[in-house]
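Number of protein chains: 2
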Amino acid sequence: MIKPEIRILGFDDGAFVPKSKEKVPVIGVICRGGKFLDGALKTEVIVDGLDATEKITKLINSTRHKQQLKVIMFDGITLAGFNIVDIKKLYEETKLPVIIINRKMPDLKKVKNALKNFGDFRKRWKMIVNAGKIKECEVRENKKVYYQSVGLSEEETEEIIKLSTTRSFIPEPLRLAHLIATAIVKGESYGRA
Amino acid sequence: MIKPEIRILGFDDGAFVPKSKEKVPVIGVICRGGKFLDGALKTEVIVDGLDATEKITKLINSTRHKQQLKVIMFDGITLAGFNIVDIKKLYEETKLPVIIINRKMPDLKKVKNALKNFGDFRKRWKMIVNAGKIKECEVRENKKVYYQSVGLSEEETEEIIKLSTTRSFIPEPLRLAHLIATAIVKGESYGRA
Chain B
1 MIKPEIRILG
11 FDDGAFVPKS
21 KEKVPVIGVI
31 CRGGKFLDGA
41 LKTEVIVDGL
51 DATEKITKLI
61 NSTRHKQQLK
71 VIMFDGITLA
81 GFNIVDIKKL
91 YEETKLPVII
101 INRKMPDLKK
111 VKNALKNFGD
121 FRKRWKMIVN
131 AGKIKECEVR
141 ENKKVYYQSV
151 GLSEEETEEI
161 IKLSTTRSFI
171 PEPLRLAHLI
181 ATAIVKGESY
191 GRA
Chain Y
1001 MIKPEIRILG
1011 FDDGAFVPKS
1021 KEKVPVIGVI
1031 CRGGKFLDGA
1041 LKTEVIVDGL
1051 DATEKITKLI
1061 NSTRHKQQLK
1071 VIMFDGITLA
1081 GFNIVDIKKL
1091 YEETKLPVII
1101 INRKMPDLKK
1111 VKNALKNFGD
1121 FRKRWKMIVN
1131 AGKIKECEVR
1141 ENKKVYYQSV
1151 GLSEEETEEI
1161 IKLSTTRSFI
1171 PEPLRLAHLI
1181 ATAIVKGESY
1191 GRA
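Protein chains in written order, with my numbering: chain B, 1 to 193; chain Y, 1001 to 1193.
Misleading hints may appear alongside valid ones.
As the list claims (entries may be wrong) - Taking lysine-lysine and the DSS-like style, the derived pairs with C-alpha atoms no more than 27 angstroms apart in a straight line are:
| # | chain 1 | residue 1 | chain 2 | residue 2 |
| --- | --- | --- | --- | --- |
| 1 | B | Lys186 | Y | Lys1055 |
| 2 | B | Lys186 | Y | Lys1144 |
| 3 | B | Lys35 | Y | Lys1144 |
| 4 | Y | Lys1023 | Y | Lys1055 |
| 5 | B | Lys144 | Y | Lys1035 |
| 6 | B | Lys143 | B | Lys110 |
These aren't lab readings, by the way, just hints derived from the structure by calculation. Every value quoted in this text rests on a predicted model; they were computed, and no experiment measured them.
Work out the full structure: start from the sequences and follow the hints.
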């Protein structure tokens, strides 16, 4: 049984110019379940870099909010282009379970082909495979999200996804992280398609 | 009668080095009453500059969220040190009522003395005086805030302050703008004293 006010830390990145190698702000929003924002974090990662796992680990392990946190969420397994989050490593180093949410079933063939442009293709692809099987969860009638998770059972993961999806079709910390990250880069927030 | 989900745009600034003349991020949070975050805006103003009124006016008049907005709020009448918001001018140019919230009764003598260090003292002091009489509003038992407002009656202002003060002792858009603005500059949010 998951507590309705379980503290979830959800991340999203701001807009960026593809292949630019620029630094992109990444916003983490701490929510009480699907209810309200309790805190915020910020770091930066490099477009198509491979620093996301380390940056997020440091951010979480050094924040004063750490003790309250119970689970980490991402909107997709990559930040800033193809800066992949190694969710097993993140789980090991923070001791916090991780859930990846996808609005659509990821096209892994397409991802694999894109990653072949990188010199360290094998390393990146391994991080993707390492994240485990993609499962689906019906958050509302006829409305699904696709997820991967580490450190949680399937049942626990789905319970957390459902209880935190209150005001849109994705968990509230991800909705908020997206709005804030967009506003920081663009000057104002935009909704999702 | 104020609608419980009235869209309020609340501003707060990030941390900055006093007298540095640096640019400070200012975050605007759009809330549905005291309920939840619906959008975010960002601009920047100069420490001890006099560009706040113009920057905020432009930000509001150019955002796609403008039509939904019904009232603007600030946590104190200054941003980034002594960058004063001319709330009458802001009201005239955006056609949106403005509420200034203070947690403590402002010490106007102290403000006046500090402003005397500025070459344009008279101009800045006039903006302070122009904002009108400071009134008090009991948001909870034995818990008051001090406010000024333009474009609203005393009754309307107090109704808006009360309905939006849900999770702390200040209106929700200001609580959120503070958390986000702090996180952007410092990497993580801090609570208020």
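We went through each hint and held it up to the structure:
1. Lys186/B / Lys1055/Y: With a Cα-Cα distance of about 15 angstroms, the restraint between Lys186/B and Lys1055/Y holds, given a limit of 27 angstroms.
2. Lys186/B / Lys1144/Y: Roughly 36 angstroms between the alpha carbons, so the hint for Lys186/B and Lys1144/Y is violated.
3. Lys35/B / Lys1144/Y: Roughly 26 angstroms separates the two Cα atoms, so the pair holds.
4. Lys1023/Y / Lys1055/Y: Distance of about 12 angstroms is within 27 angstroms: holds.
5. Lys144/B / Lys1035/Y: holds (26 angstroms)
6. Lys143/B / Lys110/B: holds (24 angstroms)
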